[in-house]
Amino acid sequence: MIFYVVIFSILALLLVASGLYAIIQKDLLYAVISTGVISLILSVMFYLLQAPDVALTEAAIGVALTTVIFVITIRNTTRFEDENDNNKVK
Amino acid sequence: MKKYLAIFLLLIVGFYLIQAFNLVPFGANRVGNIDDESTVGAYYLKNTVPKTSVANVVTAIVVNYRGFDTLGEVTVLFLATTGLGSILFRKRKHGEEEERVLKESSQLVKIGSRLLFPFIALLGIYVFIHGHLTPGGGFQGGAIIATGFLLMLVAYKNYKLGHGALTWIESLAGITFAGIGIWGLITGGTFLENNAFPGLGNVNDLISGGVIPIIYIAVGFKVAAELTGVLDILLSIKPNKN
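In order, the protein sequences belong to chains A and B. The opening residue of the first sequence carries number 1 in our numbering; numbering runs sequentially from there. The opening residue of the second sequence carries number 1 in our numbering; numbering runs sequentially from there.
Read the hints as simulated data drawn from the structure, not as lab findings.
With a cut-off of at most 25 Å between alpha-carbon atoms, the simulated SDA-like pairs for lysine to any residue come out as follows:
(1) B:3 x B:16
(2) B:157 x A:67
(3) B:110 x A:74
(4) B:46 x B:195
(5) B:110 x A:67
(6) B:110 x A:70
(7) B:160 x B:235
(8) B:110 x A:33
Which residues of chain A face chain B? A partial, calculated answer using Cβ under 10 Å:
(9) 51
(10) 52
(11) 56
(12) 60
(13) 73
Interface residues of chain B toward chain A, partial, derived using beta-carbon atoms under 7 Å:
(14) 58
(15) 234
(16) 237
Since we're looking at a predicted model, the values are computed, not measured. Don't be surprised by glycine CBs; every beta carbon is placed ideally from N, CA and C.
One chain only, chain A, in its complex shape (with noise of 0.2 Å):
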């Protein structure tokens, strides 16, 4: 029970670092592999609490298919956030 406990917080704690550094991040090539990251923990985390359907559909759908549409979108549009937080459309 108590390492059930213990990989559960662990895995927590590893869940809000990657968001925050999505947010943070500057570099949306780095960001969206982080959420690619949540979206490995999430399923992880389902599978832990018996859920192996939900985290079988997060693993596919948020690892696989969610990361690579936004890497795509990232490589037609712009790869770094803008400084001056205008919405500059290249």
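Based on the hints, put chain B in the right spot on chain A.
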């Protein structure tokens, strides 16, 4: 005039929503407490296996007890794909070769993805065929197959996908789902009646659970075709870097 009509319709919807919520006593716990027979969770856990002979209770709820919701979800996905396609799809000029925007990838990536692709597709098909026995189902299996296609699309610059075939798979799967639902009505039951045609069978058999495996196979094909189509459309946009 239009504004007043919209407000009027909103009021009607709001009224019936409030009526529906008033049926449940405020603060009553209708989900928890597995021992109490009158709660919904206990009902599902107790009755799913004997009534539908499906081992995976989540699948039974998603496809059978809440089958109408799943039909709606599939429709939402279909509409999203259609919208994306209509916004982003660029009609090629006559004689213009279809061209992917990615650079040519290395030999290692090409051979690796060609090796991996059949196994990913097999895993996806396994997941949605065994949706009523093991965790997973149509959505998950379809998404896994779409990631396999994604690998091939990224690795091979000129990987061709038949758009006609994708559309046909999508439409036939959707028609199968709706048709099974209507078949239940024809045979004198309800929409998506569970034991409408192959019969319930034994728990844990591959062919068991009435229409649930058939619906999940249809959903799997549909989701795979839709997500693959989305990825194909997204990967064929030209970036305008200047």
